[in-house]
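With my numbering, letter number 138 in the sequence shown gets 138, and the count goes up by one each step, no holes.
Hints may be right or wrong, so weigh each one.
[What the hints assert, rightly or not] Ranges of calculated distance between the beta carbons of each label pair, as one might list FRET restraints:
#, residue 1, residue 2, range
1, K110, L42, 13 to 23 Å
2, P62, P157, 38 to 48 Å
3, N37, Y158, 10 to 20 Å
4, A58, N104, 30 to 40 Å
5, G44, S155, 33 to 43 Å
6, P123, P86, 30 to 40 Å
7, Y158, G44, 42 to 52 Å
8, P75, P157, 36 to 46 Å
9, Q137, T61, 16 to 26 Å
10, D107, M128, 13 to 23 Å
11, D70, E114, 34 to 44 Å
12, D70, P157, 33 to 43 Å
13, F129, N94, 15 to 25 Å
14, G59, A150, 15 to 25 Å
It should be emphasised that the hints constitute simulated quantities derived from the structure, not laboratory data.
Since we're looking at a predicted model, the values are computed, not measured.
Just so you know, even glycine gets a beta-carbon here, dropped at the ideal spot from N, CA and C.
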Amino acid sequence: PGSLQTLDGERTVSSKMLKPDVTIIFDVDGVLLDIINLTADLTGIEYARDPNTYDIFAGCTPEETTEIIDLWNSPHFWRQQKPMAPGLDLSSENVAVLTAPWLNCPDFVKIRLELLERFYGIPHNRVMFSHQKGLFQAAGLVDDRPEYLAAFQESNPYSSAVRFDHRYNRHA
Numbered sequence: 001p002g003s004l005q006t007l008d009g010e011r012t013v014s015s016k017m018l019k020p021d022v023t024i025i026f027d028v029d030g031v032l033l034d035i036i037n038l039t040a041d042l043t044g045i046e047y048a049r050d051p052n053t054y055d056i057f058a059g060c061t062p063e064e065t066t067e068i069i070d071l072w073n074s075p076h077f078w079r080q081q082k083p084m085a086p087g088l089d090l091s092s093e094n095v096a097v098l099t100a101p102w103l104n105c106p107d108f109v110k111i112r113l114e115l116l117e118r119f120y121g122i123p124h125n126r127v128m129f130s131h132q133k134g135l136f137q138a139a140g141l142v143d144d145r146p147e148y149l150a151a152f153q154e155s156n157p158y159s160s161a162v163r164f165d166h167r168y169n170r171h172a
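Let's have the full structure, built from the sequences with the hints guiding it.
Structure follows, in C-alpha cells:
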C-alpha cells in the first residue's frame, strides 16, 4: 500500500495529526480500496500494474480495454475489492468519503457503501458520489490522482491536498 504525503511532498500525514474539528475527505479507488491489482489479477493484463502510470487503460489494446470495462460492469468485481489500509478506522464524524460512481454497474453504490462500512467503519451518510472533487469543501482531501488534488486545492486554497503515494504518481 501507499502512504500519505502532502502534495508538495514535504511531510507525511497521519490520522493522529488531524485536529478533532477537521473534516477530511478520502478518495476510494487507489486510496481505500484496491482497483489496480484486482483488475490485473482478474484479467491477466499486467499493464494495469505499470508503476509509471495511473491510467489503467493507457497501454491496453482496444480488446483489453473492453475486457476491463466489462469486468467493471459486473457487481462481482466490486464485491471483491480489498482494503488498501486494513485496520484504519475512519468512523470519526470528521471523515467523509468522496468516490466516483461506476454507473454501468447497477449494484455499484450498494456494494461500495457495504465495503466502506465493513472495512473502515464509514456509515453511508458520510459517503458522497461525484466525479467532480473540486466542488466539495473540506479541510483536506486524500487522493491518488494529482489532477483531482489540484482541482480540490484550486477551489479550497486554504485546505490540504494530500497525495496517497503510489509508484505511479511519484512523478506528479
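Structure-based check of all given hints:
no.: 1; hint: K110 <-> L42: 13 to 23 Å; in the structure: 20 Å, holds
no.: 2; hint: P62 <-> P157: 38 to 48 Å; in the structure: 41 Å, holds
no.: 3; hint: N37 <-> Y158: 10 to 20 Å; in the structure: 35 Å, violated
no.: 4; hint: A58 <-> N104: 30 to 40 Å; in the structure: 20 Å, violated
no.: 5; hint: G44 <-> S155: 33 to 43 Å; in the structure: 40 Å, holds
no.: 6; hint: P123 <-> P86: 30 to 40 Å; in the structure: 19 Å, violated
no.: 7; hint: Y158 <-> G44: 42 to 52 Å; in the structure: 45 Å, holds
no.: 8; hint: P75 <-> P157: 36 to 46 Å; in the structure: 39 Å, holds
no.: 9; hint: Q137 <-> T61: 16 to 26 Å; in the structure: 41 Å, violated
no.: 10; hint: D107 <-> M128: 13 to 23 Å; in the structure: 18 Å, holds
no.: 11; hint: D70 <-> E114: 34 to 44 Å; in the structure: 22 Å, violated
no.: 12; hint: D70 <-> P157: 33 to 43 Å; in the structure: 41 Å, holds
no.: 13; hint: F129 <-> N94: 15 to 25 Å; in the structure: 20 Å, holds
no.: 14; hint: G59 <-> A150: 15 to 25 Å; in the structure: 24 Å, holds
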